[in-house]
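Use these hints to put chain B onto chain A, whose structure you have.
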Amino acid sequence: MKFLRAVLGFFIAGVFVMAVWGKMADGTALVGAEGAKVGVGAFSIFGGWIAAFVIISPMWFMNHFLGMIPNTADASFVDQGLGIALVGIFRDIFRSTAGVDTFMSSVPTILLVVVGAAIGGYLAFIVRRDMEAK
Amino acid sequence: MTFPSLQVAIATIVGAAIFPFLLWIIWGKLVENFGAFGGWIAAGFIVGTTWALNHWVGLIHQSGTDWIDMGLAAGVGMLVASTLNGGKLSKALPVILAALVAGVLGGLVLSFYAY
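So the protein sequences, as listed, match chains A and B. Residue numbers for the first sequence follow numbering that gives the first Met the number 0, so the first one is 0 and each next one is one higher. Residue numbers for the second sequence follow numbering that gives the first Met the number 0, so the first one is 0 and each next one is one higher.
Chain A extracted, bound-state conformation (with noise of 0.2 Å):
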């Protein structure tokens, strides 16, 4: 049961984030399997933030605040997003007729990524910790 909860909150708020959050924005944020601009969005950059409150917050009250996905207190925490770029990552491989080609074409951008993150997630919690321990 707690597995189906949690491959059911990634499961929405991947498929939100990733249908409509480039909508809400512009055609420069979603790009097609091909490399395509498609659709043409209403609010522009300023679509980001309103994709954010309207999909981000709920999704996140529902995965991380009622805790459906169930990360518990003594366990690495898996944050939503990670659910959510997977399914952008296997909708352009399913979407392409590239196939596997389109996702080794993406492998430097998920390298360079993963890499910011570690650093990231490093330099949160080193800084975190000194400015709680004062």
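Mixed in with the good hints, there may be bad ones.
What the hints assert, rightly or not - Partial pick of chain B residues on the chain A-facing surface, computed with a CB cut under 10 Å:
hint, residue
1, VAL46
2, TRP55
3, SER62
4, GLY74
5, LEU88
6, GLY102
To be verified - In silico DSS-like cross-links for lysine-lysine, where the CA-CA straight-line distance does not exceed 25 Å:
hint, chain 1, residue 1, chain 2, residue 2
7, A, LYS1, B, LYS87
8, B, LYS28, A, LYS133
9, A, LYS1, B, LYS90
10, B, LYS28, B, LYS87
No lab work stands behind these hints: they were computed from the structure. Even for Gly, the Cβ is constructed at its ideal location relative to N, Cα and C.
Here is chain B on its own, set in the frame of chain A:
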């Protein structure tokens, strides 16, 4: 698979680092101070503002045709910070697996919908 220039790579790394940094420092405190409402504010202003930096301005360079969302940075960064904070990575593995299953299913459903 083409790697971007060093400058673009550094910009991507920095953009990816900023997101989980803000999440770890700000989000919990906002919830502590304002309850669930703090989380709604955090969602709007941390995610919305960082999205403007990473995906609108484009600090995170997209090297290929497969969209890499900054949510990946949130996932990895929070995993790193919470593990350093004493969380057990092994206990998070089922949840990570669930994210992978949801990613495949969600991606499949969205690929059925052409827009």
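* Hints that the structure is at odds with (numbers, increasing) -> none
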